[in-house]
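Colleague: Here is what each chain is made of, one letter per residue.
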Amino acid sequence: MNPVVNFFRGLLDSSDWPARWHCGSWSAFHGWLYIISDLLIWSAYFAIPVVIIRYISKKQDARFIRLYFLFAAFILACGATHFFDAVAFWVPLYRFNALVLAATAIISWLTVFYIVRYLPQAMSLRPVRELELEIEQRRNAERQISLLNAELDNTVARRTAEIADYKYALDQSSIVAITDQKGIIRHVNDNFCNISKYTREELIGKDHRIINSGYHSKNYIRNLWVTIANGRIWKGELKNRAKDGSTYWVDTTIVPFLDAEGKPFQYVAIRSDITERKKAEEQQALLASIINSSDEAIFSVDLQKKVTSWNHGASALFGYAAEEIVGREVTLLMAPERRHEEDVVISRIIAGEMVKHFETERVRKDGTAIEVSINASPMRDGDGNLFGASKIVRNITELKRAERHIMELNISLEQKVADRTEQLGAINRELEAFTYSVSHDLRAPLRIIDGFADMLLSDHAAELDEEGHRKLGTIMANAQRMGRLIDDLLKLSQLGRKEVVTVSADMNKIVRSAIDEQLGGYADREPEIAVESLLPAECAPGLILQVWGNLISNALKYSAKKERPKIQISSHVSGADIVYVVEDNGAGFDMQYADKLFGVFQRLHKPTEYEGTGVGLALVHRIISKHGGRTWATAEPGKGAKFYFSLPAKQRHDNEPTNNHGTR
Amino acid sequence: MEHDEIEILLIEDNPHEAELTIRSLRRNKLDGRLLHVSDGVEALDLIFPAGLPDDAPLPFHPKVILLDLKLPRVDGLEVLRKIKTDARTRMIPVVVLTSSREDRDVVESYQLGVNSYMVKPVNFTDFSNAVGELGLYWMIRNLPPPIGHKSPSS
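As they're listed, the protein sequences go chains R and U. Following our numbering, the numbering of the first sequence begins with 1 at its first residue and continues without gaps. Following our numbering, the numbering of the second sequence begins with 1 at its first residue and continues without gaps.
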């Protein structure tokens, strides 16, 4: 039998030995001291690994864990030897005991091996005190670090807040956009959106040229890009286009942000809206160009009479270029005896007044004098402080010359009018003398012819035969006819010199007396004259009586040869006139001669047919014309004629009744 | 015929006109005491004889003066003015006998105080009748002012 095999077969066999209590002589005290001590050692050795395991399990960063376990196993094994030593008092398992001892021995040596191996390392672990000291130092350092950290946090927070404030301020004050190095928009602020009228979403990711207005030259834009691409800041004014097509001006600063290699990786553009200023500048430029291109001389002076600006018109008018006169006294333009005028002008300007159309004389650079009209107005700065005067000077030399010319013309015209009036007066006086002499001198010989023929006829009747009577009769008839012609002509000429004084007249009454006058010679065969109720008119009754007389006598004369002469007189309103009509059923006339009817000495019938001088209708025409009316006639040969005349329903009152001896 | 017997003074420059006037008056037998002078100077010399003091009574006082206006040297209106401005002659009736119907003649004559103004018709028959009537009126119908009585001076 192999002893080793027997050993393991009888490992738990106690039959080979008596219980220890029965081996030797154990007093109870001795035995129990032995047993209890063994159990206490075993329990203590059992407790130690439990504590170690617990400790390790709690302390995760513990080093040499294997050693701990080995140590725990070593202690546990030592304990187990004591346990089985105590158990041997009752159950003598010496084989098992020996196995446990062997295991304990192995573990113990393993432990020794480990300790030998790791002790130097374990020895390097600093002592607790040192560690504590270090811990203390570390704690202090940590405290300091955390203080510093807090301070740093504080600073960072403060700086962050500051940066936020700057950003806020920038966002409030400026139009900000950030683009990458290719010009693609990466960020825009609200101001940018507001002014460009695009939303942020429409802008981000877009090329910056979205707001390009196309206003600037290629060179200008190229210069911009070259500048920022080289990492330099670009400043300038840009005109951009908003989404709705309107344009705006921005004062722009573009700052390139450079990477570690010094290459720009993004650009920050900070702009401010200068559209209003630009507009004002444009307006100002426009005004300046208007002023400069004006033909009027426009310039300004300060309160010390020094010229401060000078436009082209002024150069053209006075012959001085702006460089020659700006800064010099404006009295340069004045003859010495007129220099005081500027004091007057300036004192009025200082009093806040304007000087308007001040006409005076000025001297050009070449020494010639020009007549000018000056307007001067006070110029004030933004605070209302007077700092000078603007002057607009107009050359009125030609105007004045023309005025003088017109005046001379007027004078000569007046002279001409006076001369003509004088000539007319002379002609009139001659004419008057002529009619006066006609009146006096032409009638007398006729009367003498008629008178002497009559005397011959009565004194020498017996000596004359019938033919002699006839011839004398012809002489007398013609003398008398000549007399009537002269009388009528004189009437016509007198009428030309008479003023027409109108009154409101009863036309029926006038016509009645005209008929009475004319019917004197028709006692035997009274013609039929029908008179309608006539409209009244404003007229000179004496003259209108003559008109009616002539028209009625004409009607009577030309209808006298009819079986039943018939005359009709009527009136009607026509527009603003009253028209009176005398109609007869007499000889009438051919209408182709109607225009000759009212001319002097115009007759449509032979004197042998109808008696007449040819003045009657001319007189009618003259009288009616003087009343502002018209005369006309219609007729048919053999059937009768209608004679019309019109009078204004209301007379113009430029002929107020005057005490004129000619109308008595 | 003495001056103080003259009843009609005819002042007329044209002898033929004068002849017609006188013939017309003769038809009514009014030409007997008629004196015809042919211009204004002659007429004034007759009415206001030279050398007579201003206030001396005048020797000549016809019943009517027939005055033509257009006269050589001193014209009719001037003669009329002299007669009508002298207190001694003012009351002598003066009739203008003229061819003129010019207003200014008529008006001025009346302003100077003419007693009648007649425009001579060209027709001799009418003329003769008119002058006849005129003569009859002034010589027979009209009562002349008393001779030698001076009108109060104005």
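In short, the hints are calculated from the structure, not lab data. C-beta atoms are modelled at their ideal positions from N, C-alpha and C, and glycine is treated no differently. Be aware that a few hints might be false.
Keeping only pairs whose Cα atoms sit at most 27 Å apart, straight-line, the calculated DSS-like set for lysine-lysine is [stated by the list, open to error]:
| no. | chain 1 | residue 1 | chain 2 | residue 2 |
| --- | --- | --- | --- | --- |
| 1 | R | K471 | R | K509 |
| 2 | R | K491 | U | K82 |
| 3 | R | K218 | R | K306 |
| 4 | R | K197 | R | K263 |
| 5 | R | K498 | U | K70 |
| 6 | R | K263 | R | K279 |
To spell it out: a stretch of chain R is covered by chain U in this simulated footprint if at least three of its residues, at any positions, have a beta carbon under 8 Å from a beta carbon of chain U; those stretches are [as the list claims (entries may be wrong)]:
| no. | segment |
| --- | --- |
| 7 | 192-198 |
| 8 | 222-234 |
| 9 | 400-408 |
Per the computed footprint, the stretches of chain U lying under chain R, defined by three or more beta-carbons under 8 Å from a beta-carbon of chain R, are [claimed, not checked]:
| no. | segment |
| --- | --- |
| 10 | 11-18 |
| 11 | 77-85 |
| 12 | 88-101 |
Colleague: None of the hints should be skipped; say for each whether it holds.
Modeller: These are the hints, each one checked on the structure:
1. Between K471 of chain R and K509 of chain R, the direct Cα distance comes to roughly 44 Å. Violation of the 27 Å bound is thereby established for this hinted pair.
2. For the hint linking K491 of chain R to K82 of chain U, the alpha-carbon distance of about 31 Å lies beyond 27 Å, and the restraint is violated.
3. Restraint check for K218 of chain R and K306 of chain R: the C-alpha separation of about 44 Å exceeds 27 Å, so the hint is violated.
4. Between the alpha carbons of K197 of chain R and K263 of chain R the distance comes to roughly 32 Å, so the proposed pair goes past 27 Å and is violated.
5. Restraint check: the Cα-Cα separation between K498 of chain R and K70 of chain U comes to about 23 Å, which is no more than 27 Å; the hinted pair holds.
6. A hinted pair counts as satisfied when its Cα atoms are at most 27 Å apart, and K263 of chain R with K279 of chain R does not qualify at roughly 38 Å.
7. Counting residues of the segment 192-198 of chain R whose beta carbon lies closer than 8 Å to any beta carbon of chain U gives 0, which falls below the threshold of three, so the coverage claim is violated.
8. Evaluation of the coverage hint for the segment 222-234 of chain R: breached, as 0 residues show C-beta separations to chain U shorter than 8 Å, against a requirement of three.
9. As drawn, the segment 400-408 of chain R meets chain U at 0 residues by the rule of a beta-carbon pair under 8 Å; below three, the given contact is violated.
10. With 3 residues having a Cβ less than 8 Å from any Cβ of chain R, the segment 11-18 of chain U passes the three-residue criterion, so the hint holds.
11. Interface restraint, the segment 77-85 of chain U with chain R: violated (0 residues with C-beta to C-beta distance below 8 Å; minimum three).
12. Residues of the segment 88-101 of chain U lying with their CB closer than 8 Å to a CB of chain R number 4, which satisfies the three-residue condition for coverage.
Consistency note: the structure conflicts with the earlier hints numbered 1, 2, 3, 4, 6, 7, 8, 9 and 11.
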